[in-house]
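Starting from the given sequences, assemble the full structure and let the hints guide the process.
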Amino acid sequence: MTVLVGPNTKVVVQGATGKEGRFHLQRMLEYGTKVVAGVTPGKGGTTVHGVPVYDTVEEAVKKQGANASVIFVPAKFAADALLEAVDAGVELAVVITEHIPVHDTLRAVNYARARGVTVIGPNCPGIVAPPVRVKLGIMPNSIYQTPGKIAVVSRSGTLTYEISYQLVRAGFGINVAIGVGGDPVVGLDLMEATLKVAQDPEVEGIVVIGEVGGDAEERLAKLYAEGAINKPIVAYVAGRTAPPGKRMGHAGAIVMLGSGDAKSKIETFRSVGIPVAETPFEVPRLLAELLKK
Amino acid sequence: MTVLVGPNTKVVVQGATGKEGRFHLQRMLEYGTKVVAGVTPGKGGTTVHGVPVYDTVEEAVKKQGANASVIFVPAKFAADALLEAVDAGVELAVVITEHIPVHDTLRAVNYARARGVTVIGPNCPGIVAPPVRVKLGIMPNSIYQTPGKIAVVSRSGTLTYEISYQLVRAGFGINVAIGVGGDPVVGLDLMEATLKVAQDPEVEGIVVIGEVGGDAEERLAKLYAEGAINKPIVAYVAGRTAPPGKRMGHAGAIVMLGSGDAKSKIETFRSVGIPVAETPFEVPRLLAELLKK
Amino acid sequence: MKLHEYEAKELFSKYGVKIPPGRLALTPEEVHKAAKEIGTPVVLKAQVVVAGRGKAGGIKAANSPEEAYELSKKMFGMDIKGLTVKKLYVTKYVEVEREMYLSLIIDRATRRYLFLASPVGGVDIEEIAKTSPEKIKRVYVDPSVGLRDYHIRSIVSWLGFKPGTPQWQQAASIVQAMYRIMVDHDAELVESNPLAVSKEGDVIPLDARIIVDDNALFKHPDLEKALEEDPRDVTEFEAYAKKIGFHYVELEGDVGIIGNGAGLTMSTMDLVYHFGGRPANFLDIGGGASREVVKEAVKVLLNHPRVKVIFVNIFGGITRADEVALGIKDALAEAGGTTKKIVVRMKGTNEELGRAILAEVGVPLFESAEEAAKKAVELARP
Amino acid sequence: MKLHEYEAKELFSKYGVKIPPGRLALTPEEVHKAAKEIGTPVVLKAQVVVAGRGKAGGIKAANSPEEAYELSKKMFGMDIKGLTVKKLYVTKYVEVEREMYLSLIIDRATRRYLFLASPVGGVDIEEIAKTSPEKIKRVYVDPSVGLRDYHIRSIVSWLGFKPGTPQWQQAASIVQAMYRIMVDHDAELVESNPLAVSKEGDVIPLDARIIVDDNALFKHPDLEKALEEDPRDVTEFEAYAKKIGFHYVELEGDVGIIGNGAGLTMSTMDLVYHFGGRPANFLDIGGGASREVVKEAVKVLLNHPRVKVIFVNIFGGITRADEVALGIKDALAEAGGTTKKIVVRMKGTNEELGRAILAEVGVPLFESAEEAAKKAVELARP
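Here the protein sequences line up with chains A, B, C and D, keeping their order. For the first sequence, counting from 1, position 60 maps to 60 in the numbering used here; every step adds exactly one. For the second sequence, counting from 1, position 193 maps to 193 in the numbering used here; every step adds exactly one. For the third sequence, counting from 1, position 128 maps to 128 in the numbering used here; every step adds exactly one. For the fourth sequence, counting from 1, position 160 maps to 160 in the numbering used here; every step adds exactly one.
It cannot be assumed that every hint is accurate.
Calculated cross-link-like contacts (lysine-lysine; reagent style BS3-like; alpha-carbon spacing at most 25 Å) [to be verified]: (1) D/K295 / B/K43; (2) D/K130 / A/K222; (3) B/K43 / D/K162; (4) A/K222 / B/K62; (5) C/K162 / A/K43; (6) A/K19 / D/K295.
Derived by calculation from the structure, the hints in this document are not laboratory data.
If you want it as structure tokens, here you go:
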């Protein structure tokens with residue numbers, strides 16, 4: 001078993017008829033994910049790669065039993081799409097969309113959390129779980145073919161694939177990889193996602209990929225120091241060379257009001273005993289050492 | 001033990017320096033309640049009946065360890081007072097105030113619930129628990145001197161005292177009495193409050209006092225029929241002679257859009273096997289019969 | 001506060017909804033003028049805030065200003081369910097293609113706003129719920145996120161409109177307007193029934209009903225003023241009792257009821273009914289019971305023409321029975337004698353003292369509410 | 001989007017906050033006129049959206065219009081942390097009694113709005129956090145309920161005002177204005193530092209800073225237009241790369257960085273630094289990597305004057321290496337020759353094909369990013 005997803009995860013793709021939605025719906029199917037419905041208002045009655053499309057998430061839930069959603073709709077409508085998914089009763093919603101206004105995200109994510117719905121993203125690659133072959137997201141299928149005991153939790157997209165790839169090459173198997181999203185406000189932040197995977201007995205080691213901006217890494221370190229997580233963690237933090245006050249690609253990757261720089265994150269991790277890799281390519285070695293102990 | 005309150009309940013009175021607040025603060029103290037603080041903005045530093053008054057609930061929580069609040073502030077400010085109590089971190093808030101605009105209540109109560117705070121009221125007499133001698137509310141102390149195994153859950157004020165009095169006269173003891181409030185939207189409705197007291201192993205029998213308006217009684221009956229409550233319940237429903245479309249004192253006591261009349265509530269209770277007293281004075285007899293079985 | 005149809009429609013119009021042309025008229029002459037200006041055929045609609053005014057003769061069509069004038073002469077002053085017709089709303093007759101139902105309320109159980117929508121309308125929602133419950137769609141809107149496009153889509157498509165049509169747009173803007181009215185005006189109910197598609201293809205609220213939360217009127221001084229100028233659904237006695245500060249509702253019997261607390265007062269009414277009597281009213285003096293308040297309450301019912309017996313039922317933990325008794329004595333003294341009987345049931349402190357005071361003025365004090373109720377019913381018998 | 005001080009203050013003023021009289025000036029003549037109109041003494045403030053402009057000579061006081069004129073001549077065209085001073089804000093000199101700090105941000109951890117308030121201000125919040133952390137009060141405001149009186153009371157009393165005073169009222173209205181600006185304009189930061197009490201006793205935001213969420217600019221066409229007219233904190237290259245659609249940030253080194261994905265691109269910068277090189281920029285082409293996009297990205301850096309070596313690091317699950325290679329080849333062909341070196345690290349499909357294409361144009365393709373980084377650093381050495 002893996003956290004958040006499992007063999008009973010039935011996925012509805014919101015924005016299924018758009019270019020991105022259509023493309024990744026197929027990749028998800030290929031991976032083995034039970035994609036049971038698509039949703040695009042006004043396109044109800046059509047199909048995408050054999051998957052029925054509905055006008056509303058409510059219908060997708062009622063008629064196909066969808067219990068999780070992955071959202072590809074444009075930024076202007078994405079927060080509403082999330083609210084719709086929550087009201088329709090899904091348990092998990094993954095918001096891939098980038099460039100959602102942060103105040104919109106704030107409202108939608110708080111609403112989802114108050115209703116007990118787990119949100120991954122926005123501006124994220126999603127979640128993939130090789131042991132159950134479920135993917136809600138856009139990770140390349142080829143990287144996630146080796147099931148195993150390592151959880152990867154990350155604020156990045158391609159860097160997650162890179163490190164996952166290095167892990168697999170080094171002989172590790174992946175239990176779950178969660179890209180929590182690069183926006184300042186996300187549904188499940190790096191700390192919360194790490195805590196979640198740590199609670200899964202199937203997980204033996206955790207790789208945490210942080211970056212500049214915010215204090216999720218610091219909060220995670222505090223939690224670890226308090227003993228709330230008793231699984232080996234290896235961390236990597238991107239952005240040591242990022243200048244303050246500049247947004248590094250991700251809306252959330254910014255050093256503001258003097259907080260969020262990579263160096264202090266790295267120091268904080270190390271101060272509580274979490275080893276931090278100097279480069280992404282050092283991660284597998286550090287992890288192997290830690291697991292040997 | 002009793003639900004929601006106990007020996008560790010430390011009460012802050014919001015609106016402590018007003019006429020009502022001052023009066024009932026004293027009555028609560030006399031009953032045995034640990035009233036640790038009062039709050040009135042601008043009156044910080046004074047005392048009421050020996051209890052220190054603060055400007056904010058936050059201070060009352062920090063300095064006196066208050067974990068429950070009872071709110072006597074005027075209707076225009078009462079919803080904000082509730083929000084303040086929630087933000088300050090209390091676990092239970094009892095809103096005595098009547099005439100709060102329902103849209104204000106809606107917002108404040110939803111906020112409290114989303115944060116895991118139990119709200120009793122608005123427009124309610126509060127909660128009293130004779131076994132632990134804790135009262136957050138305005139019930140007459142004299143009625144609640146006999147601890148016991150009966151829980152009274154009610155949408156009414158004086159009718160609750162009346163029926164409690166009849167119960168005590170008939171030899172019953174009271175475990176807890178909760179007046180959930182007469183407004184259309186309340187923090188804990190008749191159904192939810194009944195479910196809560198039913199889960200308390202100390203409670204042997206429950207008296208439910210309903211009235212016209214809404215469908216809390218019907219939802220409770222449904223829950224009972226589904227087996228979610230396996231404690232003996234006796235019900236009474238006020239307002240058989242209430243005409244439709246008229247508000248009977250309580251803002252929530254109104255038959256609207258054809259639903260909420262007392263007769264159908266009584267029939268629904270009886271249809272699921274909950275005996276309904278014809279008059280308030282029949283309650284003790286019905287309860288005694290039920291408990292004998 | 002129940003808004004009149006014309007007030008409700010003005011609000012709809014203010015929020016951008018197309019409504020049939022209409023004029024408020026207070027005299028037959030104004031009706032004639034309005035009909036001429038609007039252009040016949042017109043419909044004359046009695047502005048009384050009760051349901052079922054159509055069946056009671058409160059809605060009439062007229063084909064000419066003269067017919068409208070004549071009809072209105074009969075309609076002004078009409079009694080509809082106890083309310084006198086003082087205002088007529090003269091509105092353009094709309095030929096209807098189909099009728100729908102749409103309302104917005106606060107759902108107590110989920111603590112959300114709730115739209116009730118049915119592609120079948122024109123009759124009460126109770127009626128629709130009985131005959132075709134599957135036609136009613138419920139769309140919940142959480143106040144913390146507000147009305148969103150997906151809610152609107154869900155409602156409008158249920159009502160039978162197709163995306164991209166002008167009708168869809170019109171219906172969507174009505175849904176939005178109703179929501180805005182609900183929130184901006186602290187409404188408890190916003191209803192359009194029937195919501196109609198006209199022969200011309202427009203989506204139009206043919207009738208509109210709005211109830212505003214009385215507790216929120218302080219936020220809406222314009223409505224407060226309108227209520228003061230036209231108290232609408234309150235009888236003379238209700239207005240009188242409310243002015244003093246009592247919760248008061250007029251009923252049809254002859255046993256006057258005074259209680260403290262809404263539940264207790266209702267149960268006192270029920271008790272009278274249970275023993276074969278007919279309650280004349282609901283009068284709640286509130287949780288406590290001071291001498292002054294009791295006096296005022298008794299005075300209200302002493303002045304009530306239909307009341308034969310006044311049944312006072314006070315349950316007070318710390319209320320003093322002698323205070324209550326003195327209040328009753330004061331009321332009787334001020335009235336200077338009455339033919340009405342008074343029965344008092346009282347639970348409080350100093351009951352003996354109270355009993356003595358009441359005995360002086362010939363009023364029996366009971367400890368049992370049941371005994372008191374029986375006595376009140378007995379005294380009311382002809 | 002970072003608002004200039006004058007834009008931020010105009011917003012404050014629009015929301016009812018009293019601000020010192022001020023004029024925007026684009027020439028020394030305008031400065032002279034403004035100083036005369038406002039009345040000296042005045043303060044000339046360089047409108048550049050960076051912190052610490054005061055220390056950098058971007059804020060000067062003048063006692064006469066003439067002095068202002070002369071000072072401004074030196075200030076216009078000044079370079080402050082890489083930005084050229086083109087606008088001066090001429091504002092009335094305010095004698096200050098005491099300085100406070102107040103800002104509003106979005107707190108990531110609690111997903112609430114967060115006010116940071118300190119009765120000590122005028123220096124950066126980082127500075128306050130270091131020297132007197134106990135002076136900083138955090139007041140959280142949940143977006144679902146919004147700013148309430150108790151929040152305001154908590155902030156204003158922390159700043160040191162007494163209830164009932166005019167200063168309390170002024171401070172309260174500033175808190176309210178900041179919150180409204182935050183919500184109405186999709187801001188990420190609204191800051192007043194220093195927030196000051198003047199000698200006359202007024203509470204005044206002496207400086208104001210607002211950052212608006214770039215993703216929400218479509219909701220605010222006026223701001224979008226202002227940004228277009230004055231791109232403020234972007235260098236020429238940043239503007240150029242952003243126009244094409246890349247996330248681009250200027251750094252100070254000589255190794256140009258192209259990556260796909262923000263995290264990977266940052267880690268590529270870090271990798272170059274790790275091996276002793278100095279990254280020249282951050283250029284993120286986004287998750288995928290098409291031939292056209294890669295070409296455009298390489299062209300940007302081929303045109304960059306400081307870049308000696310371009311390091312392309314692409315990690316693609318399904319990205320085709322031959323596509324990427326062709327993109328690089330296209331860029332070189334369009335440039336018609338360059339002295340800059342290119343190093344490519346690439347993980348994708350068809351790697352052999354890609355290697356062959358790059359070999360044609362003399363560009364090495366690495367499988368290991370570490371090897372590639374080392375090579376790039378080596379090539380950049382003088």
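Hint check results:
1. D/K295 / B/K43: Violated, at about 70 Å.
2. D/K130 / A/K222: With a Cα-Cα distance of about 20 Å, the restraint between D/K130 and A/K222 holds, given a limit of 25 Å.
3. B/K43 / D/K162: Holds. B/K43 to D/K162 sits at ~12 Å (cutoff 25 Å).
4. A/K222 / B/K62: With Cα atoms ~23 Å apart, A/K222 and B/K62 stay inside 25 Å; holds.
5. C/K162 / A/K43: holds, 12 Å
6. A/K19 / D/K295: holds, 23 Å
The structure is inconsistent with hint 1 alone, although it conforms to all the rest.
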